[in-house]
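Top to bottom, those sequences are chains A and B.
Reminder that position 187 of the first sequence reads as 186 in numbering that gives the first Met the number 0, one-by-one numbering, no gaps.
Reminder that position 163 of the second sequence reads as 162 in numbering that gives the first Met the number 0, one-by-one numbering, no gaps.
Derived by calculation from the structure, the hints in this document are not laboratory data.
Predicted model only: the values in this text are computed from it and were never measured.
Watch out, some of these pointers could steer you wrong.
Below, in silico cross-link-like pairs of lysine to any residue (SDA-like), each with a Cα-Cα straight-line distance of 20 Å or less [to be verified]:
(1) K1(B) to L190(A)
(2) K20(B) to R146(A)
(3) K1(B) to R146(A)
(4) K1(B) to N75(A)
(5) K143(B) to R132(A)
(6) K1(B) to L204(A)
(7) K20(B) to N64(B)
(8) K1(B) to I152(A)
Pairwise CB distance ranges, derived in the manner of DEER restraints [as the list claims (entries may be wrong)]:
(9) Q159(A) to R169(B): 12 to 22 Å
(10) R169(B) to G203(A): 48 to 58 Å
(11) L118(B) to S90(A): 21 to 31 Å
(12) W93(B) to M198(A): 55 to 65 Å
Covered stretches of chain B (chain A as the covering partner; in silico rule of three or more C-beta atoms under 8 Å from a C-beta of chain A) [stated by the list, open to error]:
(13) 42-52
(14) 56-69
(15) 72-82
(16) 90-96
(17) 102-114
By construction, the Cβ of each residue, glycine as well, lies at the ideal position given by its N, Cα and C atoms.
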Amino acid sequence: MNGPRISPVVACDWTLVCCAGVILFGSLPELAAFALCYLCLAVSGSRSLAALRLAVGFTLPFALPLLAVHGILNANFAVSARLFGGVPIRSAGMDYALVISLRILVLSCAAVIWRFVDPDRLMRESVHLGFPRSVVVMLAVALATMRMVPNRIRAVYLAQQARGLPSGPGLGARVRAFPSVVVPVVVSTLLEGASRGEMMATRGLGSCAFKMALLAPVVAVGDVAQVLLGFLALIAPFLVWP
Amino acid sequence: MKTRWIFISASCLALNLTLGKIAAMLSLPVYLDTIGTIVGAVLLPPFYAVSMAVMTSLLAGIVINPYFVAFSGSQLAIALAAVGLCRLGFFKAWWSALLAGVLIALVSVAVSTPVSVLLFGGVSLSGTTAINAFLLATGQSLWKSAFGGAVVVETIDKPASALLALLVLRRLPPRLGAPQRNTAEGES
Numbered sequence: 000m001n002g003p004r005i006s007p008v009v010a011c012d013w014t015l016v017c018c019a020g021v022i023l024f025g026s027l028p029e030l031a032a033f034a035l036c037y038l039c040l041a042v043s044g045s046r047s048l049a050a051l052r053l054a055v056g057f058t059l060p061f062a063l064p065l066l067a068v069h070g071i072l073n074a075n076f077a078v079s080a081r082l083f084g085g086v087p088i089r090s091a092g093m094d095y096a097l098v099i100s101l102r103i104l105v106l107s108c109a110a111v112i113w114r115f116v117d118p119d120r121l122m123r124e125s126v127h128l129g130f131p132r133s134v135v136v137m138l139a140v141a142l143a144t145m146r147m148v149p150n151r152i153r154a155v156y157l158a159q160q161a162r163g164l165p166s167g168p169g170l171g172a173r174v175r176a177f178p179s180v181v182v183p184v185v186v187s188t189l190l191e192g193a194s195r196g197e198m199m200a201t202r203g204l205g206s207c208a209f210k211m212a213l214l215a216p217v218v219a220v221g222d223v224a225q226v227l228l229g230f231l232a233l234i235a236p237f238l239v240w241p
Numbered sequence: 000m001k002t003r004w005i006f007i008s009a010s011c012l013a014l015n016l017t018l019g020k021i022a023a024m025l026s027l028p029v030y031l032d033t034i035g036t037i038v039g040a041v042l043l044p045p046f047y048a049v050s051m052a053v054m055t056s057l058l059a060g061i062v063i064n065p066y067f068v069a070f071s072g073s074q075l076a077i078a079l080a081a082v083g084l085c086r087l088g089f090f091k092a093w094w095s096a097l098l099a100g101v102l103i104a105l106v107s108v109a110v111s112t113p114v115s116v117l118l119f120g121g122v123s124l125s126g127t128t129a130i131n132a133f134l135l136a137t138g139q140s141l142w143k144s145a146f147g148g149a150v151v152v153e154t155i156d157k158p159a160s161a162l163l164a165l166l167v168l169r170r171l172p173p174r175l176g177a178p179q180r181n182t183a184e185g186e187s
């Protein structure tokens with residue numbers, strides 16, 4: 000993700016603030032106030048509306064079904080009104096759906112913030128904080144491998160089609176074709192991973208402890224201010240609704 | 000050996016993420032994000048298999064959809080169940096792999112239903128929402144509806160993933176993977 004980079008420490012702090020807020024605030028007004036503060040925090044951290052757009056984009060596929068399921072269909076909530084003479088509207092269900100949607104919005108925002116963290120700095124500081132180096136290397140290799148798998152799926156699919164694989168029309172044909180595409184993709188990815196591992200081992204990777212540039216983490220004044228802003232977002236709803 | 004395991008773990012992780020992303024993008028009624036976890040449970044030592052499973056959820060939460068982070072516990076439970084079932088020799092024949100898939104599905108339902116109810120109000124990205132909505136409209140409680148929906152989807156997804164994992168394992172050379180693979184499918 001382009002744009003200003005958020006410090007991993009700040010992202011950790013804001014994630015904890017998000018979890019604390021989701022646990023602490025149960026009522027709709029409190030949660031709405033917290034969500035508003037948290038969104039402002041994310042926008043200020045990323046210095047763009049991209050974080051907000053992404054978080055809303057992730058929340059909508061949940062919010063709309065939630066409103067339909069609990070506000071109209073869920074028979075456990077009493078009917079408070081009828082729309083067009085027949086469609087039941089359940090206000091308690093609507094409130095419940097809004098509370099859940101706001102929680103998902105805040106959690107999405109917390110996850111989106113991590114997209115603005117510099118990956119190199121994240122890896123370095125994870126190792127510095129004692130995170131297993133093998134897991135950090137695994138993450139870095141997985142991110143690189145992930146970019147190759149869709150191309151491999153496309154290539155295998157085209158190759159199988161050239162061999163006369165029935166891939167449609169109809170759901171049945173596509174389901175039957177699924178293993179003949181997935182299995183070669185998985186096998187080739189694993190074999191390539193193993194051979195790359197052997198190749199890297201022969202070049203010395205893993206023969207001693209994995210070494211990374213262990214620069215001491217730099218804590219800037221701006222980072223401290225952002226950590227404090229995170230705590231402010233957590234206590235702001237208490238100030239509004241004491 | 001450690002380097003090789005790291006690279007195989009990374010491949011399993013990448014497969015989980017890519018297949019999970021495709022299933023989420025196509026709104027398929029299955030998740031397909033555990034094929035790598037099950038294969039990894041057979042091929043890798045337990046530490047790498049479990050780390051890879053947890054990292055799948057955390058990374059998917061950032062790269063694909065924040066929804067996946069909430070189900071880190073499910074991935075962990077699935078990896079532990081798959082490692083245990085592999086040690087017991089469940090990935091030898093298609094029928095035992097199918098049974099392993101059903102058992103993994105039950106573990107997954109037990110761990111993921113509370114998350115689905117408490118955090119997402121019974122709504123998910125897969126086809127479970129439609130089943131849950133139907134059950135709620137018939138007057139069932141949210142817990143029962145979420146449990147029913149999860150049972151339907153998981154008992155399709157996990158046995159299918161286990162069978163696909165078995166197909167993959169049969170096509171891989173025997174030298175690939177950790178020693179427990181020999182006990183898991185020594186005769187096959």
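Evaluated hints:
no. : hint                           : in the structure
1   : K1(B) to L190(A)               : holds (16 Å)
2   : K20(B) to R146(A)              : holds (12 Å)
3   : K1(B) to R146(A)               : violated (23 Å)
4   : K1(B) to N75(A)                : violated (54 Å)
5   : K143(B) to R132(A)             : violated (43 Å)
6   : K1(B) to L204(A)               : holds (9 Å)
7   : K20(B) to N64(B)               : holds (9 Å)
8   : K1(B) to I152(A)               : violated (28 Å)
9   : Q159(A) to R169(B): 12 to 22 Å : holds (19 Å)
10  : R169(B) to G203(A): 48 to 58 Å : violated (34 Å)
11  : L118(B) to S90(A): 21 to 31 Å  : holds (23 Å)
12  : W93(B) to M198(A): 55 to 65 Å  : violated (34 Å)
13  : 42-52                          : holds (count 4)
14  : 56-69                          : holds (count 9)
15  : 72-82                          : violated (count 0)
16  : 90-96                          : violated (count 0)
17  : 102-114                        : violated (count 0)
Taken one by one, the earlier hints fail for this structure at numbers 3, 4, 5, 8, 10, 12, 15, 16, 17, listed in ascending order.
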